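All letters in the sequence shown, in the order written, are residues 1 to 255 by our numbering.
Among the hints, a few may not be true.
[As the list claims (entries may be wrong)] Here are the simulated SDA-like cross-link-like pairs (lysine to any residue), alpha carbons at most 25 Å apart as the crow flies:
| # | residue 1 | residue 2 |
| --- | --- | --- |
| 1 | K168 | P236 |
| 2 | K165 | G137 |
| 3 | K48 | N159 |
[What the hints assert, rightly or not] Cβ-Cβ distance ranges computed for the label pairs, FRET-style:
| # | residue 1 | residue 2 | range |
| --- | --- | --- | --- |
| 4 | Q207 | D127 | 15 to 23 Å |
| 5 | T47 | R6 | 24 to 32 Å |
| 6 | G77 | D143 | 45 to 53 Å |
| 7 | N106 | K20 | 30 to 38 Å |
| 8 | H110 | M68 | 22 to 30 Å |
| 9 | F57 | N106 | 48 to 56 Å |
| 10 | L192 | S42 | 38 to 46 Å |
| 11 | P98 | D71 | 22 to 30 Å |
| 12 | G9 | Q207 | 25 to 33 Å |
| 13 | N80 | G208 | 32 to 40 Å |
| 14 | G208 | G2 | 37 to 45 Å |
| 15 | R6 | N50 | 22 to 30 Å |
| 16 | D219 | S242 | 19 to 27 Å |
These aren't lab readings, by the way, just hints derived from the structure by calculation. The model shown is predicted, which means the values in this text are computed figures rather than measured ones. By construction, the Cβ of each residue, glycine as well, lies at the ideal position given by its N, Cα and C atoms.
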Amino acid sequence: MGLVERKYGHLLEIALELGKTSSVLRVEDNSFTYARNPQYLSKLKDTKKNVQVMVPFPIYKEAEQLPMNVDVHFIDGEDNIEYIWAYIHNEVNKDVEPAPIIIGNNCYIHETAIIGVHGNTYALAPDGSRIHLKEIGGVRLEDDVDVEALSIVHRSCFNNTVIGKGSKVCVKCNIGHNVRIGKNSLIAPGVLLGGGTTVGDNCFIWQGVITRSYINICDNAIVGAGSVVLHDLREPGIYIGSPARYVKPYDETLR
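Construct the entire structure; sequences and hints are all you get.
Shown next, in the form of structure tokens:
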């Protein structure tokens with residue numbers, strides 16, 4: 001008998017009865033989710049939706065601040081909550097087909113580009129093996145989007161990975177799961193956008209930029225070639241370096 005069946009079988013039963021899992025970042029009503037740290041847990045503080053959430057016991061104080069419509073289930077600190085979540089999510093969604101890929105009007109997709117591959121989210125099991133988190137979301141390319149040669153766009157865990165109207169993805173880019181790119185932005189060759197990254201409107205992400213997962217880049221930002229983005233970029237402007245730092249105001253002539 002595995003860890004989930006032995007210690008958390010009641011959570012698996014709850015999730016199976018609900019029949020739906022969701023991301024804590026975009027939680028759905030009557031769903032099962034999880035939060036691995038206080039930052040993610042805070043997303044539920046104002047929700048009006050009925051949610052079942054599991055959290056690691058060390059953040060129980062933060063969990064006590066959640067509204068009554070959020071039922072909290074604690075995971076022992078020594079157990080890997082990522083593994084428990086992946087196991088339960090996969091069981092709930094084992095027969096669910098991933099969402100479709102939606103391609104808008106006047107899009108160009110090179111024949112070597114791949115749209116809708118599964119993401120790279122793996123969880124470490126107690127025996128040292130890794131299990132893959134099933135992605136059930138899709139990809140949406142809005143109108144006038146280009147995806148050039150050898151670029152990859154991963155499907156979302158939930159909802160959609162989105163490339164906004166008029167945005168261009170150049171060659172050899174990796175667009176991670178749950179990424180959201182705004183309108184009229186350009187992603188230059190060799191850019192690696194970690195899962196959950198948000199890029200605003202009218203941005204220019206130069207060659208070889210790497211972002212950490214779940215980074216937010218505001219509208220009207222230019223990120224210089226080879227930069228590594230480790231923190232949110234909240235102010236329009238030009239950013240350069242590793243880690244990327246603000247150097248001067250936004251200049252659209254540099255786009």
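To see whether the hints hold, each was checked on the structure:
For the proposed pair K168 and P236, the alpha carbon gap of about 20 Å is at most 25 Å, so the pair holds. Simply put, K165 and G137 have alpha-carbon atoms about 20 Å apart, close enough for the 25 Å limit, and the pair holds. The hinted pair formed by K48 and N159 meets the criterion: a straight-line CA distance of about 20 Å does not exceed 25 Å. The supplied range of 15 to 23 Å is broken by Q207 and D127, whose beta-carbon atoms lie about 41 Å from each other.
A hinted range of 24 to 32 Å for the beta carbons of T47 and R6 is consistent with their spacing of about 31 Å. A beta carbon spacing of about 48 Å between G77 and D143 agrees with the range 45 to 53 Å that was offered as a hint. Distance hint check: the CB atoms of N106 and K20 are about 35 Å apart, consistent with the given range 30 to 38 Å. For H110 and M68, the Cβ-Cβ distance of about 51 Å falls outside the hinted range of 22 to 30 Å, so the restraint is violated.
Between F57 and N106 the C-beta distance comes to about 52 Å, which sits within the given range of 48 to 56 Å. Separated by about 28 Å at the C-beta atoms, L192 and S42 break the suggested range of 38 to 46 Å. For P98 paired with D71, a C-beta distance near 28 Å keeps the hint of 22 to 30 Å intact. For the pair G9 and Q207, the supplied restraint of 25 to 33 Å is violated, since their beta-carbon distance comes to about 50 Å.
Range check, N80 to G208: Cβ separation about 33 Å, and the 32 to 40 Å hint holds. At roughly 42 Å, the beta carbons of G208 and G2 sit within the given window of 37 to 45 Å. Here the CB-CB span from R6 to N50 is close to 28 Å, well matched to the stated 22 to 30 Å. At roughly 23 Å, the beta carbons of D219 and S242 sit within the given window of 19 to 27 Å.
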